[in-house]
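The listed protein sequences correspond, in order, to chains A and B. Position in the first sequence counted from 1, then plus 345, gives you the working numbering. Position in the second sequence counted from 1, then plus 21, gives you the working numbering.
Check before you lean on any hint, since a few could be wrong.
To be verified - Here are the computed distance ranges between Cβ atoms for each label pair:
(1) L584(A) to E322(B): 36 to 44 Å
(2) G142(B) to A510(A): 52 to 60 Å
(3) F454(A) to L145(B): 27 to 35 Å
(4) V580(A) to E322(B): 50 to 58 Å
(5) L584(A) to D128(B): 30 to 38 Å
(6) E322(B) to A510(A): 50 to 58 Å
It should be emphasised that the hints constitute simulated quantities derived from the structure, not laboratory data. All C-beta atoms in this analysis are idealised placements derived from N, C-alpha and C, irrespective of residue type, glycine included.
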Amino acid sequence: MRAFALLLGVQAKRTLREPPAAFFLIAFAPLYTVIMGLIFGNAARPEFGGRGYLDANLAGFAAIVVAISSFVLVPVDIVTQRESGALRRFRATPLRPLTFIAADVLVRFAGAVVSIVLALVLGIVAFGAEPSGSLAAVVGAVMLGVLAFLAAGYVLAAAVPTQGAALVLANVLVYPLIMLSGSAVPLAVLPDNVRRVARYSPLTQLVELLQRLWQGGAWTEAWLPLVVLVGLFAVGTALAASIFRWE
Amino acid sequence: MTSVISCTDVSKRYGDVQALDGVSLEVRKGEIFGMIGPNGAGKTTLMECLEGLRTRDGGSVEVFGMDPERRPGEIRQRIGVQLQSSALLSRLKVGEALALFASFYPDPVDWHALLDRLGLGGRLGSYVDRLSGGQRQRVFIALALVNAPELVFLDELTTGLDPQARLAIWDVIRDIRDAGTTVVLTTHVMEEAERLCGRVAIIDHGRIIALDTVPALVRSIGAGNTLRFTVDGRAPVAELEALAGVTSVEQEGGSVTVRGSDSRFPGEVLGVLARADLWPRDLSTEQSSLEDVFLTLTGREMREEHPA
């Protein structure tokens with residue numbers, strides 16, 4: 346238990362001491378919200394069915410943070426620490442891998458959720474965005490999404506052999522996923538067949554869930570995204586736990 | 022003496038390479054046990070099999086009477102390890118690293134005092150990444166000692182360190198031993214083994230080719246001391262050869278080399294010279310070292326593999 350508490354502190358400090366990681370984990374979502382808010386504002390627009398840009402898109406911004414922290418920050422850090430031999434050093438101690446991973450997940454989870462909630466609050470307070478549904482439901486979905494994708498990120502971290510491969514994979518995976526998710530570019534502007542493909546991405550499903558809840562939809566209407574995210578979490582956790590290695 | 026480690030016929034293969042080929046040894050409580058040999062000889066693999074970090078292909082290993090592969094948890098509580106490729110999580114400070122590793126054990130030492138003893142007391146807030154080589158090595162030694170281990174493994178203890186840092190670390194290791202900890206270390210610095218280790222195993226191609234105290238190993242190859250000097254005039258070669266303990270005398274111009282197998286003959290040689298009214302200049306003695314033992318046993322030099 347003491348080891349867990351100290352690992353929490355260590356991982357939090359390590360993240361904050363690495364400016365690019367800290368930026369993407371904490372500062373990116375609020376900053377992105379401010380930029381988008383300044384460019385597009387939240388005045389009613391016909392292309393968003395009479396809603397403002399932020400009301401239509403703000404909830405989906407979370408997906409950008411989720412994708413970057415899970416598919417870039419997690420694999421790159423874990424693979425780097427594994428390659429350096431730092432994780433191997435832990436193997437010679439009584440520390441259990443699960444304790445290490447749990448602390449690491451909790452730190453990244455807290456960082457991502459704080460950043461996304463900050464972005465939502467900024468959108469609401471500074472730019473007049475207003476959820477038609479419950480904000481608590483949106484935050485709940487954010488938490489589910491962060492957890493599900495972090496689990497997937499650990500699977501990548503365990504499967505990828507080298508730091509170089511982790512970086513390549515991150516680039517190949519993350520940008521298409523974000524572009525197809527509807528979080529950066531509204532899905533409505535994409536061609537029909539691209540949109541059909543995009544529906545298969547779990548990140549698109551997360552955006553779908555967040556936007557639906559923001560617009561006052563019920564959890565029960567969003568059963569497909571829910572199944573996808575819960576499934577991703579379950580499969581990701583089981584897989585990561587079985588293939589994670591110190592070296 | 023009770024043995025802390027005993028292993029019999031340990032073997033390990035990586036693809037085509039037989040890294041360990043039937044290694045048997047015992048390490049006794051409270052000794053500093055050294056493993057020397059060139060790079061790739063199998064020292065690290067053997068050490069990792071003893072630590073339970075690597076699965077052996079065959080043979081048996083007991084540490085504190087337990088198989089490290091079967092009871093890794095219990096053994097890891099009681100051993101300290103400094104790995105050859107020592108690394109820590111990046112962006113970590115010295116104090117944070119020590120506090121973290123201390124938290125893995127139920128009964129850690131006072132690591133502030135440990136750092137003071139290692140000369141790192143003023144470095145608590147420094148990033149481990151930014152320390153000098155010698156300081157970083159001492160951090161890793163501190164981490165290996167943070168649980169007050171009964172047995173500590175040090176792999177390539179002082180590789181890449183300057184002589185001064187090396188001497189300081191040797192002192193620390195002797196202190197640990199004096200406090201009752203058993204130490205197992207690998208090195209390819211012969212002087213380190215000679216100065217520090219009670220017994221030494223010479224490992225080559227995955228086998229132990231000799232195992233004993235350093236003086237006994239040196240005696241075993243029949244080499245002893247060498248005495249060199251220069252005299253004006255002819256040295257009494259026949260008389261010197263007749264001395265007890267002298268094995269050979271060579272004269273080349275004025276310079277004479279006398280080899281012998283015991284430690285008394287240099288004195289006798291000087292006596293003979295004095296009686297002949299010859300006064301030696303450029304007098305030097307040279308003792309055979311582990312280097313010579315390795316050379317005699319394998320026909321190869323070990324120094325070629327000297328680290329950067």
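Each hint tested on the structure:
1. L584(A) to E322(B): 36 to 44 Å: Taking Cβ atoms as reference, L584(A) and E322(B) lie about 51 Å apart, which means the hint is violated.
2. G142(B) to A510(A): 52 to 60 Å: violated, 42 Å
3. F454(A) to L145(B): 27 to 35 Å: holds, 30 Å
4. V580(A) to E322(B): 50 to 58 Å: At roughly 57 Å between Cβ atoms, E322(B) and V580(A) fall inside 50 to 58 Å, so the hint holds.
5. L584(A) to D128(B): 30 to 38 Å: holds, 36 Å
6. E322(B) to A510(A): 50 to 58 Å: At roughly 40 Å between Cβ atoms, A510(A) and E322(B) fall outside 50 to 58 Å, so the hint is violated.
Hints 1, 2, 6, counting from the list given before, are not met by this structure.
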